[in-house]
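Colleague: So the chains spell out like this:
Protein chains: 2
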Amino acid sequence: MDESSPTEQSTGVGVVSTQTLQLELPPEGLRLKCGRPLPTVQVAYETYGALSDARDNVIFVCHALTGDAHVAGRLDRPDGPVGWWDEMIGPGRGIDTDFYHVVCANILGGCRGTTGPASINPQTGQPYGSAFPPLAVEDIVDVHNRLLQQLGIEQVAAVIGGSFGGMQVLDWMLRYPERVRRGICIASAGSLSAQALAFDIVGRSAITGDPNWKEGDYYGTGATPASGLALARKVGHITYLSPGMMTDKFGRDRRLDAIAPDAEPTTPEAFRSNFQVESYLEHQSSKFVQRFDANSYLHITQAMDEYEIAANYGSIEEAFERIRSKVMIVALSEDWLFPPEQSWEIARALLREGKAVSYCRLHAPHGHDAFLIDIEHMSEIVRSFLPWVTSGGHVKAAPHTTHRGDARRREFELIAAMIPQNARVLDLGCGGGELLSYLREKRHTAGMGVDIDIGHLIRCVDDGHDMLQINMDDGLWMIPDNSYDCAILSQTIQVIRRPLPVLREMLRIAPEAIVSFPNFANWTHRVQLACGRMPKGGALPFEWHDTPNIHLFTLLDFKDLCRREGFGVRDTLCLPENRVNALLIRLGCCNLGADRVLVRVTRNPDERAGRCTAQMNGF
Amino acid sequence: MDESSPTEQSTGVGVVSTQTLQLELPPEGLRLKCGRPLPTVQVAYETYGALSDARDNVIFVCHALTGDAHVAGRLDRPDGPVGWWDEMIGPGRGIDTDFYHVVCANILGGCRGTTGPASINPQTGQPYGSAFPPLAVEDIVDVHNRLLQQLGIEQVAAVIGGSFGGMQVLDWMLRYPERVRRGICIASAGSLSAQALAFDIVGRSAITGDPNWKEGDYYGTGATPASGLALARKVGHITYLSPGMMTDKFGRDRRLDAIAPDAEPTTPEAFRSNFQVESYLEHQSSKFVQRFDANSYLHITQAMDEYEIAANYGSIEEAFERIRSKVMIVALSEDWLFPPEQSWEIARALLREGKAVSYCRLHAPHGHDAFLIDIEHMSEIVRSFLPWVTSGGHVKAAPHTTHRGDARRREFELIAAMIPQNARVLDLGCGGGELLSYLREKRHTAGMGVDIDIGHLIRCVDDGHDMLQINMDDGLWMIPDNSYDCAILSQTIQVIRRPLPVLREMLRIAPEAIVSFPNFANWTHRVQLACGRMPKGGALPFEWHDTPNIHLFTLLDFKDLCRREGFGVRDTLCLPENRVNALLIRLGCCNLGADRVLVRVTRNPDERAGRCTAQMNGF
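Residue numbers (the working numbering), protein chains in the order written: chain G, -13 to 605; chain R, -13 to 605.
Heads up, some of the hints might be wrong.
Because identical chains cannot be distinguished in the list, a pair is counted as satisfied if it fits within a single copy or across any two copies.
[Said to hold, decoys possible] Quick list of in silico lysine to aspartate or glutamate cross-link-like pairs, DMTMM-like style, CA-CA up to 25 Å:
#: 1; residue 1: Lys522; residue 2: Asp546
#: 2; residue 1: Lys428; residue 2: Asp449
#: 3; residue 1: Lys235; residue 2: Glu320
#: 4; residue 1: Lys522; residue 2: Asp532
#: 5; residue 1: Lys522; residue 2: Glu551
Hint data in this document are derived by calculation from the structure and do not stem from the laboratory.
Throw the hints in and build the complete structure from the sequences for me.
Modeller: Set out below in structure tokens:
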């Protein structure tokens, strides 16, 4: 969360400047969540990219704990400081300023231009100090909402933020549902975990235990609680990196200017190590102390600690009921401050409320800080998720109409024929969303995909589908009962570790499931085994020892399972790969001739397709 | 690592007392690793259980960072404090005092009876304070070694310790290899990770930044650096619990005596939360400040930080070359301060040096602190690993001679027939060690097992085998080339995710591999598939959808794979389950008749068993 010092060259939005705006407030000032008012509020903000005539292309960026409004470009001069998320914002970047108008503002309580504890209290003419009222995330978002309204922006195309910024994104969607079309919430949570609370508690007690803090009224005393603030920041920096990245960056390396190990231990230096990691923490904390105010740190961390969606609204589900935005939840694999499980919890609650949500978990060896750097896929995900706007919006990739071979295309047609118009479909193992797009085109379906691959997720999202990047073997319990009209499992059941629980879940989620699979009883396989070999070829192209197909079975086996489980079978379509097999199916020898099988399973055990249907696939 | 305050009833060793002993030192005193001497050293220790006449039943317990000599029983009176590892030590417990003589001593630099910075410096008559020399783990172990020698103990049956105690165990084995028969190292590491260093660095800077620390000379000043020490301890306590356990214990619960949320924020109280987790950290740290000395904390954490086996000896492997003890490495699943990977690193290095090592990873939702509490399996593992001693030693479980059915027993006999006398064997998927025990009995082999199940590990270790509790799908690269005469994979290859890499590893580790598997080409399976069903029964008893057998293949397939991979096949034994199959094999139709197959694979591609051998299994 060191959002202040990227050193890379900015080739993006160029030289920018921070502007300030005085909020137009009622005479009593801005009433905060705590009940106390702030008489005046100033907001520091930056904007990049042209605002469209329809004013529909605004992307509002929420910064994290210690960030500021300077999110992209060079500040004030060509060699000025680079914005903290410059890699994400600019022409051709994840948030493309050729199409979008980006706004980022310093948060209330901060110390980077927006009113905070170090600002002058107009009632006393002195800095607020201890008189600054306690803050809530809601107050921060309200101030930004007033900023946008004063700028004439009624609705934003998207709100995006990571970490504490992600909490602001959630609050935007919760309390201004009509003003936010899409929300991107990265490495965040609906409330801090007990462990993250504990780190904040330690950090704050380091500051308030510093004799220079003076209960917050240190301004003008000639001393600041720098020592306590530095300690708090050191604790913070440990949590921003994954353990693995800390090992990679520092390991047990020593400083070059190492203290001689046999030096007489009579000074505090004796208990300073000469490890690189100590230099890093000292460097980071001393830089931080120069740019940040201890009271801001206390107020903002406390606002973060106190934010708790579940407590504010009864439960996280009750809260999310009011969300109208399309949501993208991004988790970072090695983040232990806002661990993936917390992002997943948000996504699950949105799912349970039937909201449009996508979830992905990026490989992020850096840990929490990865949301600030250009980790693989992050920009692509943001770009693919942002909406079209009148100024053009992002360039979509070529439509993904390529189908994997004829057999696959034929299967799509057959599935489409089984799906009613406007149905809601869930595609498990959806790949790049080819089937979802095909069904949307042919049947005007709305759907969601599930797949484990991040590249697939990006293609799906780019094509406008919601998608969860999860492993089906972990269960599908988070998808509500009857939330879809049809659940599809196309050529995937044989690679799942435990197929039966997945089948049961499908028929809980939807009244109907379409399952397709390779038929192990195809005569060519029978002949191969009869000759003493593990069958291979056709729909099962792999060697026995490296095949992903770990559960093999026949059409008869599958129908038996359905009967035992009390599932009905509405249709059984047998797909041959050649004329011989087609003939066998036509002669009624389905289990002998089918290379692949497509079965439409229902909850009603009385449904029994009298016989299989041959699907000639052109033969 | 709160080793001071168990509240449970002790039913173990009863009322005990801490003794002290003055070390007999040369006139110049004890020379420390830093080169400076300590003129006198006193050691506080406790003992329980009778010392055997042969003095061969001593278990030395190494305590962790802030522990002391009082490891079990009630101190001084029937309602005195309970020892910090009372659950492990006592009659009938993991370390059974009916058989073993337990010794535990406070470490050098501590503040619980052994000489430390708060002790009187005989040269000045004042507490050492800043004059106390820097310590190393080696100094701590040397003092304990001198203690044992003065107690007349030349060799210990085992040294055991967790966390920083585990580092002492490693140092014992490294520098006193002949004096330690077995070592148990729990939740420890050969050196701290960068992240763990960082936490210690923050903790020490909190203490040395406390104005009351006065560079260590605060004794007698009327004030102590309690505030800094408390902060250090709070950081420590966060790291001792897993994030999940912190959530389970505290979550976001509030204190009952909560500060009114609308209280005027004019005191430092304003930035104290009312979260339970804050109460916990404050309670723990205030207790700690009363019992522990800040200078001891500085010295001991620095000794821990500086310990680095790899740096001291060139590499961790070069270091471990000198170890003569049998070693048990115990990792704790949710420990993030000494994560399982670090324990595994120790085990791997021991393996690469060909040492007798077992490794297990216990389910430990508590995190690091779990080594102090009675988590499942911990006592069993310790009990099963401790050696027999003349006073009886631990009671071994009944010998595990039960074989799983006739087919299994027959397979054991066939494998034994292939194994030379005194061979070293590696049994992959060894279960409870039945085959290893059988081979040891029949062929006097020495062996190691690999299995994923902790119950199996305990049975194996109890039977005297080394064992690694790992998942074969993660690879076997840590087992050195040619470290065994034969690697066995009995009825397991079909459940491995990627069988081929495992086969290759087996023939890297040993010149010969014995692999047994169910033969998918048995005629009953052929008939079933010919009838349109996925084969089931005999050696493949599971349903297609819930079978652990995810890679099916035939005798011919396996031999083909061996040929393609350049492996030789020395013997192929075909095991029938009934008279018909036996007849088929006798007639030469091995692939048709065999229910199970046993193949002896070698590195020499020219070895080709001319034909299969029928193994009639009594038919």
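Colleague: A separate judgement is required for each hint: does it hold in the structure or not?
Modeller: Going through the hints against the structure:
1. Lys522 to Asp546: This pair counts as both: shortest intra-copy Cα distance 24 Å, inter-copy 14 Å.
2. Lys428 to Asp449: within (15 Å within a copy, 66 Å between copies)
3. Lys235 to Glu320: both (15 Å within a copy, 24 Å between copies)
4. Lys522 to Asp532: For Lys522 and Asp532, both the intra-copy (12 Å) and inter-copy (22 Å) Cα distances are at most 25 Å.
5. Lys522 to Glu551: So Lys522 and Glu551 pass the 25 Å test across copies only (19 Å; inside, 30 Å).
Every hint, counting from the list given before, is met by this structure.
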